[in-house]
Amino acid sequence: MKTNAGRFFEDYTLGQVIDHAVPRTVKMGERALYHMLYPARHALYSSDQFAQTCGLPFSPLDDMIAFHIVFGKTVPDVSLNAVANLGYAGGRWKMPVWPGDTLRARSEVIGLKQNSNGKTGVVYVRTTGLNQHDEEVLEYVRWVMVRKGDVDALAPETVVPEMPKVVAPSALVIPKGLDFTNYDFTLAGEPHRWGDYEIGEQIDHVDGVTVEEAEHMMATRLWQNTAKVHFDTSARPDGSRLIYGGHVISMARALSFNGLANAQMVVGLNGGAHANPCLSGDTIRAWSEVLDKAETRAPGVGALRLRLVATKGGDPFKLRGDDGKYLPDVLLDLDYWALVPL
Amino acid sequence: MKTNAGRFFEDYTLGQVIDHAVPRTVKMGERALYHMLYPARHALYSSDQFAQTCGLPFSPLDDMIAFHIVFGKTVPDVSLNAVANLGYAGGRWKMPVWPGDTLRARSEVIGLKQNSNGKTGVVYVRTTGLNQHDEEVLEYVRWVMVRKGDVDALAPETVVPEMPKVVAPSALVIPKGLDFTNYDFTLAGEPHRWGDYEIGEQIDHVDGVTVEEAEHMMATRLWQNTAKVHFDTSARPDGSRLIYGGHVISMARALSFNGLANAQMVVGLNGGAHANPCLSGDTIRAWSEVLDKAETRAPGVGALRLRLVATKGGDPFKLRGDDGKYLPDVLLDLDYWALVPL
Amino acid sequence: MKTNAGRFFEDYTLGQVIDHAVPRTVKMGERALYHMLYPARHALYSSDQFAQTCGLPFSPLDDMIAFHIVFGKTVPDVSLNAVANLGYAGGRWKMPVWPGDTLRARSEVIGLKQNSNGKTGVVYVRTTGLNQHDEEVLEYVRWVMVRKGDVDALAPETVVPEMPKVVAPSALVIPKGLDFTNYDFTLAGEPHRWGDYEIGEQIDHVDGVTVEEAEHMMATRLWQNTAKVHFDTSARPDGSRLIYGGHVISMARALSFNGLANAQMVVGLNGGAHANPCLSGDTIRAWSEVLDKAETRAPGVGALRLRLVATKGGDPFKLRGDDGKYLPDVLLDLDYWALVPL
Numbered sequence: 001m002k003t004n005a006g007r008f009f010e011d012y013t014l015g016q017v018i019d020h021a022v023p024r025t026v027k028m029g030e031r032a033l034y035h036m037l038y039p040a041r042h043a044l045y046s047s048d049q050f051a052q053t054c055g056l057p058f059s060p061l062d063d064m065i066a067f068h069i070v071f072g073k074t075v076p077d078v079s080l081n082a083v084a085n086l087g088y089a090g091g092r093w094k095m096p097v098w099p100g101d102t103l104r105a106r107s108e109v110i111g112l113k114q115n116s117n118g119k120t121g122v123v124y125v126r127t128t129g130l131n132q133h134d135e136e137v138l139e140y141v142r143w144v145m146v147r148k149g150d151v152d153a154l155a156p157e158t159v160v161p162e163m164p165k166v167v168a169p170s171a172l173v174i175p176k177g178l179d180f181t182n183y184d185f186t187l188a189g190e191p192h193r194w195g196d197y198e199i200g201e202q203i204d205h206v207d208g209v210t211v212e213e214a215e216h217m218m219a220t221r222l223w224q225n226t227a228k229v230h231f232d233t234s235a236r237p238d239g240s241r242l243i244y245g246g247h248v249i250s251m252a253r254a255l256s257f258n259g260l261a262n263a264q265m266v267v268g269l270n271g272g273a274h275a276n277p278c279l280s281g282d283t284i285r286a287w288s289e290v291l292d293k294a295e296t297r298a299p300g301v302g303a304l305r306l307r308l309v310a311t312k313g314g315d316p317f318k319l320r321g322d323d324g325k326y327l328p329d330v331l332l333d334l335d336y337w338a339l340v341p342l
Numbered sequence: 001m002k003t004n005a006g007r008f009f010e011d012y013t014l015g016q017v018i019d020h021a022v023p024r025t026v027k028m029g030e031r032a033l034y035h036m037l038y039p040a041r042h043a044l045y046s047s048d049q050f051a052q053t054c055g056l057p058f059s060p061l062d063d064m065i066a067f068h069i070v071f072g073k074t075v076p077d078v079s080l081n082a083v084a085n086l087g088y089a090g091g092r093w094k095m096p097v098w099p100g101d102t103l104r105a106r107s108e109v110i111g112l113k114q115n116s117n118g119k120t121g122v123v124y125v126r127t128t129g130l131n132q133h134d135e136e137v138l139e140y141v142r143w144v145m146v147r148k149g150d151v152d153a154l155a156p157e158t159v160v161p162e163m164p165k166v167v168a169p170s171a172l173v174i175p176k177g178l179d180f181t182n183y184d185f186t187l188a189g190e191p192h193r194w195g196d197y198e199i200g201e202q203i204d205h206v207d208g209v210t211v212e213e214a215e216h217m218m219a220t221r222l223w224q225n226t227a228k229v230h231f232d233t234s235a236r237p238d239g240s241r242l243i244y245g246g247h248v249i250s251m252a253r254a255l256s257f258n259g260l261a262n263a264q265m266v267v268g269l270n271g272g273a274h275a276n277p278c279l280s281g282d283t284i285r286a287w288s289e290v291l292d293k294a295e296t297r298a299p300g301v302g303a304l305r306l307r308l309v310a311t312k313g314g315d316p317f318k319l320r321g322d323d324g325k326y327l328p329d330v331l332l333d334l335d336y337w338a339l340v341p342l
Numbered sequence: 001m002k003t004n005a006g007r008f009f010e011d012y013t014l015g016q017v018i019d020h021a022v023p024r025t026v027k028m029g030e031r032a033l034y035h036m037l038y039p040a041r042h043a044l045y046s047s048d049q050f051a052q053t054c055g056l057p058f059s060p061l062d063d064m065i066a067f068h069i070v071f072g073k074t075v076p077d078v079s080l081n082a083v084a085n086l087g088y089a090g091g092r093w094k095m096p097v098w099p100g101d102t103l104r105a106r107s108e109v110i111g112l113k114q115n116s117n118g119k120t121g122v123v124y125v126r127t128t129g130l131n132q133h134d135e136e137v138l139e140y141v142r143w144v145m146v147r148k149g150d151v152d153a154l155a156p157e158t159v160v161p162e163m164p165k166v167v168a169p170s171a172l173v174i175p176k177g178l179d180f181t182n183y184d185f186t187l188a189g190e191p192h193r194w195g196d197y198e199i200g201e202q203i204d205h206v207d208g209v210t211v212e213e214a215e216h217m218m219a220t221r222l223w224q225n226t227a228k229v230h231f232d233t234s235a236r237p238d239g240s241r242l243i244y245g246g247h248v249i250s251m252a253r254a255l256s257f258n259g260l261a262n263a264q265m266v267v268g269l270n271g272g273a274h275a276n277p278c279l280s281g282d283t284i285r286a287w288s289e290v291l292d293k294a295e296t297r298a299p300g301v302g303a304l305r306l307r308l309v310a311t312k313g314g315d316p317f318k319l320r321g322d323d324g325k326y327l328p329d330v331l332l333d334l335d336y337w338a339l340v341p342l
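Chains as they are written, first to last, in the numbering used here: chain A, 1 to 342; chain B, 1 to 342; chain C, 1 to 342.
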């Protein structure tokens, strides 16, 4: 067999390192496409001059582009036979991605746990995105439930890695040179500073976008993510194409501009759950909650820990039902750190 | 409230200047996308070498890209609560937009008129597009009908600005260096010169394009235009998404290649009306009428004043019914100046 | 009439040379779009660094981009009144297309044959794609059935050119500098070398992509292909839009990564048939067969002659029915040469 059938649970071993295939050079075309696919308006990623007043040489590519490309590279090796994407933790953006950079990805298996049904198991990987200089641009832990190919394969020793509930503010990496002391709030679109946000504050981002098959497939392909369920109507019993969870992340992050226009850079991913599937025709909306605040050593730069919730309807600010489970209209519950002018 | 609810009629005052947010750096990616979204084939915008034989350093970005980006920037400040986009006048492209330029927009309120119903009013703004050197790349006047937020707010003094019916040929700005004396009609695609067009001549552009939701949403997002009605099926009672009028402008302009392949550059916008809404599934066609001709001081360069009409059916060359109103199949009636080789 | 009604069969003469209009400068934006439109993952076209380890200065644009742009340029002159695209032969990519290149196309009429019904005829053209240095980047022969405009026009002398069944391996042009001796199979995604493929071997590429109207129209427009049937629901009696055959070629080629990840460069087009129409909603799958193998003079570089079949269903490896005709689910039968590491 010359084609890749994907790894099954028993194919992973603790400590295994996988170098994922097909590095990808990204340039300004990818930035233009990001603006076409999502209503992205954070000024730092839209204007070279705005980025320069913030101490950067020019606009980096959107932080989510780095995430999507690195994630996409892992799919053929990690999630081709996955039943579910269970969670993220400990995500850090370690340096911006610039036009011309080439990204590749590497994953280490840091945990394994066979499920009691004997048919599936949970694989924990720490994935690192590297650029052409072998510098780390991104790292995160992800765990997925994977089918066993051979149900008679012996269960591995159970190892569940300790994972931080939140990335400590002191561990956040601030891009070199970043300086918000000359920040232009008029050009950025909103007057709200770090000090204007309070822990517990909730923001309804108001706008909604109804999503189409062509759009989510183009977005997902752009990141070279090949998971069948996003593209092939024969891959799921009901003939629907499941929208890549990252598409919902980027859509919600872009919608959050309205109220969080100054939450410019995403630097930490504390956790995230794709609560319910998103399908073509759904109208994605978003709301946020300020979970924490922290200072940083960079001039004029503070950090906000934000919960970003994407929904396909229902009232904002409702997350879980009485049973503790996500409400059926909740698509995404993401917990991240963003950098904001003081 | 941290989100932008948009300005209401009573929030505008005569002489008010609004610096619109989120400057945007455009590069070659945006050009590639323009070619993907519209059947654009004017050679000056397609080939660097063709542009060089016309005296330019390389291909500028399509003139409509400048218009769409500048227009998009004004939406959150001008038309979020607009009931209708009523008209354009006095539009001039003042210099080409080059890859690498960063565009922003500024509007001045030049007229206000409350409607007799007391619930809405007309706001007249002169919008200017600026590049990173603070050079003006585009200006136009636009007037929109805007809802009052507080119906009890006092009506402002009525000021209706005088607006030119047409931009005088002497006021058109010819891009520096433009020279059509070595124009290559074979590579441009048609042999028709300025002298071959007669005032009153009508041209059926023959081709049609059936439009899709995914396409118009991607186009509109690309220009960072956030008006809800284009994206959110819950924004209008019938669940349809209204296609951004500029999408119809660009589609019709591109279709006009067939018969007007040598009407290379758009330099003046005399007026325009979005006669009827365009929805996904409509097949856009276009016809043109030569309204006027003028000479310019640039070598080999003449100007044609053209009416560009987009329709979604019906016979070409029919614009209004016996009642003087636009026929229901007419989408757009645009009056512009284009530069054409002598 | 200022619009182009297209040539009819009687408008072609043997030896006629047509310089096609509208040259096109391509840059990195077109590469980004190619990755968005197709699940393309061949590493040589994805990573500048990977291309450098293969002896090239950086990643060229996908070979199919050159084909689509050159083909698109010929449409207004060759196939506007075509009834059917009958075949290809003798195709050779003669040098890579680099970002910044400007492509144009020229065709020579090398054969003419009026059909016995007196209403149509077959036109054979040799099309050449040229860059801004007048270097040939691509050439191929194509023959199409074209309507007569005037059925009373005299039939031309019948000339059917001799066409090679296959491009001889010695005639394939290997890009200057190409060297696969340091080829990185891990980054490329599969371990299979030239020596691992056997003549007669068949590969099911497994994955499928369900196609949408918005996607194929954007792809086809990107190549400035203006054939009505792809865009206008009123152009065909059943209201469907016929998907450009080249869209199926690119989709199938991209899907063939899974099993042919190392078939990096397409350098020869021996023949091809668009067996059945492809419409929106079809799920495209692909399978390949190794037809031949050849050595080349470039270090570490072998050539595989491959049959690439795209289908919209049915079993893989089934091509024709008992009647010798293509099965109804077969969309494409393409015969090409690819370069593969030894």
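Careful: at least some of the hints might be erroneous.
Remember, identical chains collapse to one label, so a pair may be satisfied in a single copy or spanning two.
Said to hold, decoys possible - Subject to a maximum C-alpha distance of 25 Å in a straight line, what follows is the list of computed PhoX-like cross-link-like pairs (lysine-lysine):
1. Lys293 with Lys148
2. Lys176 with Lys228
3. Lys119 with Lys318
4. Lys2 with Lys325
5. Lys148 with Lys176
6. Lys2 with Lys318
7. Lys148 with Lys228
8. Lys2 with Lys293
9. Lys318 with Lys228
10. Lys228 with Lys165
11. Lys228 with Lys94
These aren't lab readings, by the way, just hints derived from the structure by calculation.
Keep in mind the model is a prediction, meaning the values are calculated, not measured.
How the hints compare with the structure:
no., hint, verdict
1, Lys293 with Lys148, "neither (43 Å within a copy, 38 Å between copies)"
2, Lys176 with Lys228, "neither (39 Å within a copy, 37 Å between copies)"
3, Lys119 with Lys318, "neither (35 Å within a copy, 35 Å between copies)"
4, Lys2 with Lys325, "neither (42 Å within a copy, 29 Å between copies)"
5, Lys148 with Lys176, "neither (44 Å within a copy, 47 Å between copies)"
6, Lys2 with Lys318, "between (48 Å within a copy, 19 Å between copies)"
7, Lys148 with Lys228, "within (18 Å within a copy, 46 Å between copies)"
8, Lys2 with Lys293, "between (51 Å within a copy, 17 Å between copies)"
9, Lys318 with Lys228, "between (32 Å within a copy, 23 Å between copies)"
10, Lys228 with Lys165, "neither (31 Å within a copy, 36 Å between copies)"
11, Lys228 with Lys94, "neither (31 Å within a copy, 35 Å between copies)"
Hints 1, 2, 3, 4, 5, 10, 11 from the list above are not met by this structure, while the remaining hints are.
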